[in-house]
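Participant: Listed below are the residues making up each chain.
2 protein chains.
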Amino acid sequence: MNKPATIKDIAKALQISTSTVSRALRNASDVSIETRNAVQALSEQLNYRPNKLALSLQQKQTHTIGVIVPNLDYVMSNMVKGIDEVALEAGYTVMVCQSNESFGRETINAKRLADSLVDGFIISVSSETKVYDHFKKLNAPMVFFDRLAKGIHAPGVRLDNFEGGFIATEHLIEQGYKNIAILAGPQNLSISNHRLDGYLAALKKYKRKVEEDNIIYCDFNQHYAFLATEELLSKKKRPDAIFTISDRLAIGAMLAVKEKGLSMPDDIGLVGFNNDPVTSLVAPSISSVDQPAFDIGKAAAKLFIEQLHNDGDMRDVEVVLKPKLIVRESSLRRS
Amino acid sequence: MNKPATIKDIAKALQISTSTVSRALRNASDVSIETRNAVQALSEQLNYRPNKLALSLQQKQTHTIGVIVPNLDYVMSNMVKGIDEVALEAGYTVMVCQSNESFGRETINAKRLADSLVDGFIISVSSETKVYDHFKKLNAPMVFFDRLAKGIHAPGVRLDNFEGGFIATEHLIEQGYKNIAILAGPQNLSISNHRLDGYLAALKKYKRKVEEDNIIYCDFNQHYAFLATEELLSKKKRPDAIFTISDRLAIGAMLAVKEKGLSMPDDIGLVGFNNDPVTSLVAPSISSVDQPAFDIGKAAAKLFIEQLHNDGDMRDVEVVLKPKLIVRESSLRRS
DNA sequence: AGCGATGCCGGGAACGTTCCCGGTGTGCAA
DNA sequence: TTGCACACCGGGAACGTTCCCGGCATCGCT
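These protein sequences, in sequence, are chains A and B. Position in the first sequence counted from 1, then plus 108, gives you the working numbering. Position in the second sequence counted from 1, then plus 108, gives you the working numbering.
Any given hint might turn out to be false.
Treat identical chains as interchangeable: a pair holds within one or across any two.
Derived PhoX-like pairs: lysine-lysine, alpha-carbon spacing no greater than 20 Å straight-line [unchecked claim]: (1) K111 x K219; (2) K345 x K368; (3) K244 x K111; (4) K366 x K344; (5) K111 x K168; (6) K219 x K189; (7) K286 x K343; (8) K111 x K245; (9) K219 x K238; (10) K245 x K410; (11) K258 x K317; (12) K368 x K219; (13) K168 x K313; (14) K238 x K317; (15) K286 x K317.
These aren't lab readings, by the way, just hints derived from the structure by calculation.
Could you build the full structure based on these sequences and the hints that come with them?
Facilitator: Now the structure itself:
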């Protein structure tokens, strides 16, 4: 439990100055081979570890990235893993905070991280967040991923959500479903709007009429999805397929379909979003749009580091990755 | 993008010394009411935020906790949420690192965090870890949770895994299952051993004979579980129930049971562990031992902070929380 | 012999705080 | 008047680094 050795200790023991020790440790020039060896030997012996605090204070950078995410579900935790991966590689440490989808929590997390003097932020905004001033105040480099911040001029990495909504809907159409409903997410989230746009575009391409009451906005909440689906299924003009903006919603929808005594995929087709492992475990297994979560995380971290080291203005950069439809039983009417 | 204001800036602007500013900001004594007001007004105006780096360097504590976890699955992410909760409350920031169940990753994560000068660690060890020297070297206060480190003399918070194994097995016995197998985890993990011990104790209590080849050690891997179960089911003396040490293993087992064309819970009973949401979504839904993940996280963080502020030796403290069996279709033979 | 180049090293400031200690001024009692 | 308590403030060290600058040898070249 004795105090960690410092550069001063080494200097004193070797009767040389701290400057020389510092140089010797960093293998710089201006140090004779003998002193360098002596210093390095002693530092090893004393188990010297440079004090990052002092270093950071000096050079005004901490080599730490603040990551704020709304939750740590399957997709997010993979994205974070991706961030971790490249951050570690690049010599950065990552501080992960969960906002729990709460605006207040997000704000105080941001403040805290800023006070801890992170070099910048990698953020996915909470579903509650409608205004972005708390991010602007940070006055630090940041990159958004997955759920971007509309109002902020900063680089971002995201899935092509439009494409995701499109291929899901197109697939349902190709499977012969005629009246396709959508459980969309909260209206302020761009990801849900983009998926909805993809849905609309697919309907348009195949010249299907858009029924206004086939579009349901609801929270990312399984129970809401259940209720919404119950209502959908009791309409006169009942939909014969449902596309949901997330797998959790899909689960809720599926439960409602079962409750109603309808069969899947025959009576009702279903496609979810995220390719959560659950989708392949339930019966019937649920088709879902897979997103390259790990890669999105990696791209975000790469973008962030690039931005730090690069003087060029990258605020307009937006990396968009492609989704992939995983077809399973819930939507496979014709083989 | 102008530099953040420092205490010096305020001092200079107000023509007073930095010491006085420092005192005024901390509402300390030895400052006249007027100067204090002036300082606080100006600091607000300049949006002054104390530099934590400098502070930490001075007082040799960072108010940061390093958290190392093997993964961020459902249970873990809830535990981390619990840690977050009380850490935030107590004014600490949390750095979460995933070891991905890898010993090497765990080691370098620990080193990195130590270098970043966290005040201590809250750790759940990776399944690969069999030796604990890398933790001892850290020479910092630490608390283990969930998966404890046998070799290390440090406080810990864990589930009563023995109890969990016991109630799961007892439940199966009470449901009339005669020949109960267990898919245990890696042999070096204490949690899996304790659950196994609970299983054995239950068998003993009801005077059941222990069949050696009903005990299968396997990784936390769904596919292994599938294979192991296939083998179990093709024995002459086929088991009629399986208790698995985790829900992921339970899923694997269930798939194997279905593949074999056996019915559940009639031919084969099944109980998992963790109460992952998946268990209630599959058909049949899977009985599982629920652990109070959030509370375990909270307890760990509390213990950690207590340890920091407390001079007393807490190295022998071990908090043990109780599990709860959630009975679902997979093991319910008699209603 | 003189001169610059080069190799090696030390001194000290700086990063932004806190904290200890000592100093000054005022008011009040002896 | 002297003394003393008290309120208020400033100076400077310290935390552990790096970095700039200047100094002293030594060497080689003219």
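Participant: Confirm or reject each hint.
Facilitator: Now for the hints, and whether the structure bears them out:
no. : hint        : result
1   : K111 x K219 : between (32 Å within a copy, 17 Å between copies)
2   : K345 x K368 : within (15 Å within a copy, 42 Å between copies)
3   : K244 x K111 : between (41 Å within a copy, 15 Å between copies)
4   : K366 x K344 : within (19 Å within a copy, 38 Å between copies)
5   : K111 x K168 : between (25 Å within a copy, 11 Å between copies)
6   : K219 x K189 : between (23 Å within a copy, 19 Å between copies)
7   : K286 x K343 : within (15 Å within a copy, 50 Å between copies)
8   : K111 x K245 : between (38 Å within a copy, 13 Å between copies)
9   : K219 x K238 : within (18 Å within a copy, 39 Å between copies)
10  : K245 x K410 : neither (23 Å within a copy, 32 Å between copies)
11  : K258 x K317 : neither (30 Å within a copy, 65 Å between copies)
12  : K368 x K219 : neither (48 Å within a copy, 55 Å between copies)
13  : K168 x K313 : neither (54 Å within a copy, 64 Å between copies)
14  : K238 x K317 : neither (31 Å within a copy, 62 Å between copies)
15  : K286 x K317 : within (10 Å within a copy, 59 Å between copies)
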